[in-house]
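Colleague: Given chain W's structure and the hints, the job is docking chain S onto it.
Number of protein chains: 2
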Amino acid sequence: MVSLQNEKVKLWKKLKTRKWREREQMYLIEGPHLAQEAVFSAKEHVHSILIDEAFHLPADWPLDSIEVFQVTHKIFTELSQTETPQGIIAVCDMKSSSLALKPGRFLLVDGVQDPGNLGTLIRTADAFGLDAIYLGDGCVDGYNAKTLRSAQGSHFHLPVIHKNLFTLADEMKQLNIPLYGSSLQGDELHQVKVSSPHYGLVVGNEGNGASPELLAQMNRQVKIPMAGRAESLNVAVASGILLYWLESARLA
Amino acid sequence: MVSLQNEKVKLWKKLKTRKWREREQMYLIEGPHLAQEAVFSAKEHVHSILIDEAFHLPADWPLDSIEVFQVTHKIFTELSQTETPQGIIAVCDMKSSSLALKPGRFLLVDGVQDPGNLGTLIRTADAFGLDAIYLGDGCVDGYNAKTLRSAQGSHFHLPVIHKNLFTLADEMKQLNIPLYGSSLQGDELHQVKVSSPHYGLVVGNEGNGASPELLAQMNRQVKIPMAGRAESLNVAVASGILLYWLESARLA
Numbered sequence: 014m015v016s017l018q019n020e021k022v023k024l025w026k027k028l029k030t031r032k033w034r035e036r037e038q039m040y041l042i043e044g045p046h047l048a049q050e051a052v053f054s055a056k057e058h059v060h061s062i063l064i065d066e067a068f069h070l071p072a073d074w075p076l077d078s079i080e081v082f083q084v085t086h087k088i089f090t091e092l093s094q095t096e097t098p099q100g101i102i103a104v105c106d107m108k109s110s111s112l113a114l115k116p117g118r119f120l121l122v123d124g125v126q127d128p129g130n131l132g133t134l135i136r137t138a139d140a141f142g143l144d145a146i147y148l149g150d151g152c153v154d155g156y157n158a159k160t161l162r163s164a165q166g167s168h169f170h171l172p173v174i175h176k177n178l179f180t181l182a183d184e185m186k187q188l189n190i191p192l193y194g195s196s197l198q199g200d201e202l203h204q205v206k207v208s209s210p211h212y213g214l215v216v217g218n219e220g221n222g223a224s225p226e227l228l229a230q231m232n233r234q235v236k237i238p239m240a241g242r243a244e245s246l247n248v249a250v251a252s253g254i255l256l257y258w259l260e261s262a263r264l265a
Numbered sequence: 014m015v016s017l018q019n020e021k022v023k024l025w026k027k028l029k030t031r032k033w034r035e036r037e038q039m040y041l042i043e044g045p046h047l048a049q050e051a052v053f054s055a056k057e058h059v060h061s062i063l064i065d066e067a068f069h070l071p072a073d074w075p076l077d078s079i080e081v082f083q084v085t086h087k088i089f090t091e092l093s094q095t096e097t098p099q100g101i102i103a104v105c106d107m108k109s110s111s112l113a114l115k116p117g118r119f120l121l122v123d124g125v126q127d128p129g130n131l132g133t134l135i136r137t138a139d140a141f142g143l144d145a146i147y148l149g150d151g152c153v154d155g156y157n158a159k160t161l162r163s164a165q166g167s168h169f170h171l172p173v174i175h176k177n178l179f180t181l182a183d184e185m186k187q188l189n190i191p192l193y194g195s196s197l198q199g200d201e202l203h204q205v206k207v208s209s210p211h212y213g214l215v216v217g218n219e220g221n222g223a224s225p226e227l228l229a230q231m232n233r234q235v236k237i238p239m240a241g242r243a244e245s246l247n248v249a250v251a252s253g254i255l256l257y258w259l260e261s262a263r264l265a
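Protein sequence lines, in the order shown, are assigned to chains W and S. Under the numbering used here, the first residue of the first sequence is numbered 14, with each subsequent residue one higher. Under the numbering used here, the first residue of the second sequence is numbered 14, with each subsequent residue one higher.
Read the hints as simulated data drawn from the structure, not as lab findings. Some clues are possibly wrong.
Identical copies go unnamed one by one, so any copy, or any two together, can satisfy a pair.
Said to hold, decoys possible - Taking lysine to any residue pairs in the SDA-like style, the calculated list, with each CA pair at most 20 Å apart, reads:
id: 1; residue 1: Lys236; residue 2: Arg34
id: 2; residue 1: Lys29; residue 2: Asn177
id: 3; residue 1: Lys108; residue 2: Arg242
id: 4; residue 1: Lys26; residue 2: Ser196
id: 5; residue 1: Lys115; residue 2: Glu57
id: 6; residue 1: Lys115; residue 2: Gly241
id: 7; residue 1: Lys159; residue 2: Ser245
id: 8; residue 1: Lys27; residue 2: Glu226
id: 9; residue 1: Lys87; residue 2: Met107
id: 10; residue 1: Lys87; residue 2: Pro45
id: 11; residue 1: Lys206; residue 2: Leu264
Pulled out of the complex, with its shape left as it was, chain W reads as follows:
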């Protein structure tokens, strides 16, 4: 058992804030399902496991070098970020945030504000097997508790990286990675031919889309044809359709 005054407990508590997550390059994920996904898919990134005194850790988890700390119910409740704590938290290292860029398939997220939307974007990028997802300066934190919940473990499958998107767009251009931006002023998808197996897809803020300055850096601005009356699609839905379109062209 560790006490509230313990230095480790103090650090874990700090990881509930974005500032400290970024400083330490670590974050907390919560609940047996996500902790299991972390331990089985990305063990090298799991720093330690914290369990409520009443929690029984499954015997078949490959914990090897992972430190396990049992804490009192009181401490666990202070560390938890959910309304109904489920007794287990994993302390994880952020994955490869200094990853060197090479040609591949990427989603670039500009100014998305809702953590649930961002988590769904991360899950969608994972489902299509992208190489990384990049979050621009104005984006909600990719490692906050709600984002992690809605991404359902996809953080352990692909790098989730905060980075300035203008710098990144420049780097992608130098590598001849075509950049597509989602925009209501763009060309409809059937008018656009995809000719490279690599791409960077930029999607933007829930209300305003991606910033015009960033869209100006794109090779093409594209738009999903829609026959109906809703002004726009949810950003995660639009991103799913655009990734399906890019992947269909790539695999055709």
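Modeller: Using the frame of chain W, we list chain S on its own:
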């Protein structure tokens, strides 16, 4: 000003529950943005408008036959279903829940539990111009406050109808409307040829998908090809991709 004992106020309060919404075939929508959309796009369905005593109703809204009630701040707060009430609620009639079925394009939602997901599905169906969205018996209420918020006014653009999906599937078959069901055991989209301009697309519960009994009634079960590691897509993202696929085939 109307008092808390007023019969109208009592009815409005009851409309916060699903039981009373279904009994009265009426619902409440909240906030200036949604109320404006209701008044401008579906005035015939707006029964009355309730405003907080401090709220200033824009002078250019075409209110004609719509009754406007000013209520005290205390009553407004009791009627409101948001954390930060914005001073205006519209009382609306549900649209055409006894609509006669004819060939068209439909989304059928089986057992979706999250109101935010359901609202996004309604918004997506609207964006693609579908003729109606049907919600099966196990679905969360299509008219609850969170669903309405996340649908962003799409309820005023297409009918949102609760109906038994087995009955509906039978009716669609009799009209030769092809039924497609989203299923991880289905055929990948590029293997399936869409040959009718009409369709019913069935999508299902967040964790388990559509029920096997319902999927057994489909003409085809279909699956989005995914190269990555996430086990599945969010139901609204998957539905957006499937509708884009069906619409692209229809319009090609």
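Colleague: Hints first: check each against the structure and report whether it holds.
Modeller: Hints versus structure:
Taking the shortest Cα distances, lysine 236 and arginine 34 never come within 20 Å of each other, neither inside one copy (36 Å) nor across copies (37 Å). For the identical chains of this complex, lysine 29 and asparagine 177 are neighbours neither inside a copy (23 Å) nor across copies (44 Å), given an alpha-carbon limit of 20 Å. Taking identical chains as interchangeable, the C-alpha atoms of lysine 108 and arginine 242 lie at most 20 Å apart only when they sit on different chains, with a minimum of 16 Å there against 41 Å within one chain. In the homo-oligomer, the alpha carbons of lysine 26 and serine 196 never lie at most 20 Å apart, since the shortest distance is 40 Å inside one protomer and 41 Å across protomers.
Taking the shortest alpha-carbon separations for lysine 115 and glutamate 57, neither the intra-copy value of 23 Å nor the inter-copy value of 57 Å comes in at or below 20 Å. Taking identical chains as interchangeable, the C-alpha atoms of lysine 115 and glycine 241 lie at most 20 Å apart only when they sit on different chains, with a minimum of 19 Å there against 39 Å within one chain. In this assembly of identical chains, the alpha carbons of lysine 159 and serine 245 lie at most 20 Å apart only when taken from different copies (19 Å versus 24 Å within one copy). In this assembly of identical chains, lysine 27 and glutamate 226 lie within 20 Å of each other by CA distance neither inside one copy nor across copies; the values are 35 Å within and 49 Å between.
In this assembly of identical chains, lysine 87 and methionine 107 lie within 20 Å of each other by CA distance neither inside one copy nor across copies; the values are 27 Å within and 48 Å between. Taking identical chains as interchangeable, the C-alpha atoms of lysine 87 and proline 45 lie at most 20 Å apart only when both belong to the same chain, with a minimum of 19 Å there against 43 Å between chains. When the C-alpha separation of lysine 206 and leucine 264 is checked against a cutoff of 20 Å, the pair qualifies both within a copy, at 13 Å, and between copies, at 18 Å.
When the structure is compared with the earlier hints, violations turn up for hints 1, 2, 4, 5, 8, 9 and for no others.
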